[in-house]
Amino acid sequence: MKTKLYLTIIVLLFFNSIKAQNENISPEINKINKLVNNYKTDNTKEILTTFLRTALNNISAEDKSFSLNTTLYAIDSLLGHPKNNNRFLKQTSLDLKLSLGDNSKFSDFNAGFTTSIINKKDLKDKYLEKDDRLLLEKNTLVQADVKKALIKLKFSDTTTKEELDQFHTAWRKAESEGDFTEFIEDFNEIDFNKNVPNYGLSDGVYESIVNNYKKGKDPFRIAFNEIAERYSRKLLWTISPAFEYDSENNQPNYLVTTKLTKGISGSVERKPWELEVYASFRISKDTVRIDRNYDNQIGLISLGVNKILLENEKQEPKMEFKFFTQLEHQFGNNEEFNNIFTLNSTLRINLFKSVWLPITVKYDPDNGNFFGFFSIAANLSD
2 MKTKLYLTII VLLFFNSIKA QNENISPEIN KINKLVNNYK TDNTKEILTT
52 FLRTALNNIS AEDKSFSLNT TLYAIDSLLG HPKNNNRFLK QTSLDLKLSL
102 GDNSKFSDFN AGFTTSIINK KDLKDKYLEK DDRLLLEKNT LVQADVKKAL
152 IKLKFSDTTT KEELDQFHTA WRKAESEGDF TEFIEDFNEI DFNKNVPNYG
202 LSDGVYESIV NNYKKGKDPF RIAFNEIAER YSRKLLWTIS PAFEYDSENN
252 QPNYLVTTKL TKGISGSVER KPWELEVYAS FRISKDTVRI DRNYDNQIGL
302 ISLGVNKILL ENEKQEPKME FKFFTQLEHQ FGNNEEFNNI FTLNSTLRIN
352 LFKSVWLPIT VKYDPDNGNF FGFFSIAANL SD
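So for the sequence shown, our numbering puts the first residue at 2; every next one is plus one.
Hints are computed from structural coordinates only; laboratory data are not their basis.
Even glycine gets a Cβ: it sits at the ideal position worked out from N, Cα and C.
Hints are supplied without guarantee of correctness; some may be wrong.
Calculated cross-link-like contacts (lysine-lysine; reagent style DSS-like; alpha-carbon spacing at most 27 Å) [as the list claims (entries may be wrong)]:
1) Lys315 / Lys174
2) Lys139 / Lys65
3) Lys174 / Lys155
4) Lys319 / Lys272
5) Lys263 / Lys218
6) Lys263 / Lys131
7) Lys235 / Lys354
8) Lys195 / Lys139
9) Lys323 / Lys363
10) Lys32 / Lys216
11) Lys149 / Lys218
12) Lys35 / Lys121
Derived Cβ-Cβ restraints for the label pairs, each shown as a range [unchecked claim]:
13) Ser266 / Thr326: 11 to 21 Å
14) Lys32 / Leu165: 51 to 61 Å
15) Leu165 / Val306: 13 to 23 Å
Just need the whole structure built from these sequences, with the hints factored in.
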């Protein structure tokens, strides 16, 4: 009778474990999204903020400015509305900038928005790639079987309720911390081939899962970390139309910008590179003329690479270096403007938490001029 009761308890625990962990796949996807944001470079967050970004730009230059970029999702949340996972709200930001001229007087105001044309960095459960979702689901099943095998191994008909409770408490703690070190000896006694099916996983993947358990690691946690790494290096392409009011010339100017970035190498542990392409077109007044005009029509194109130099123990970027070339061309009737080609670099240093110090140096090889300025920026998350 005790044996039947014991087997019944094991079966119920097994199926409840599977049900609970399958229900937790969506919360795990939310954790993956948070990891993706942690792995993103500050360079990427400058292109499209994840929630809210403020910055003091060009502090050491004459044309300093203050900028605020906030997603529609952030605005919606700050207004006290329930969290809305609408992709458009999360992938569209309102961009405001106040520029200061001589003597720190207001010179112009810029307002616009940024929205993603392609954003493969941020995932939602219905957009999770099939192979990734299957990997999470199969890891869930494997982990439930491992727990079942441990119960069979450690407990018998004489097991008390207190002993079972202690086991479940220790297991939940190991799951939450992603650390199964406490169970290493027990894992090495399990016959995985007999008690833990591979659920269609390839031999290599299954063997890796087994080895990780035997080392006290959490294969489920490792799986969603790897998924987050891959998504953090995927393609992001944005477009940003903006309106600028020029108080000095008392007329509006117009600007449209598009930016593209994509990781091009390695895992986050290897401090990967990312490619950035940037283009813009700005229409403004030719100040040589007194009358209202839009003869100053400048196109800009930039190509560069960004490299993570330092990370913390969680593989979050703490220092970055970007090298990029930039070409400006006059499309309007402003004959005094010559094409300008510059070689540029930006060093980004994480001062603490979400606060960064970008230091940019520009070199004009045609005229032999160096320009240097720094900014300070803060990225806030939800």
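Right, here's what the structure says about each hint:
1. Lys315 / Lys174: holds, 20 Å
2. Lys139 / Lys65: Violated. Lysine 139 to lysine 65 sits at ~53 Å, over the 27 Å cutoff.
3. Lys174 / Lys155: holds, 18 Å
4. Lys319 / Lys272: It holds: about 11 Å lies between the C-alpha atoms, which stays within 27 Å.
5. Lys263 / Lys218: violated, 30 Å
6. Lys263 / Lys131: holds, 22 Å
7. Lys235 / Lys354: holds, 24 Å
8. Lys195 / Lys139: holds, 17 Å
9. Lys323 / Lys363: The hint holds at about 12 Å.
10. Lys32 / Lys216: Distance of about 24 Å is within 27 Å: holds.
11. Lys149 / Lys218: Holds, at roughly 18 Å.
12. Lys35 / Lys121: Holds - the C-alpha atoms of lysine 121 and lysine 35 are around 15 Å apart, at most 27 Å.
13. Ser266 / Thr326: 11 to 21 Å: Holds, at about 20 Å.
14. Lys32 / Leu165: 51 to 61 Å: violated, 28 Å
15. Leu165 / Val306: 13 to 23 Å: Distance hint for leucine 165, valine 306 is violated at roughly 55 Å.
When the structure is compared with the earlier hints, violations turn up for hints 2, 5, 14 and 15 and for no others.
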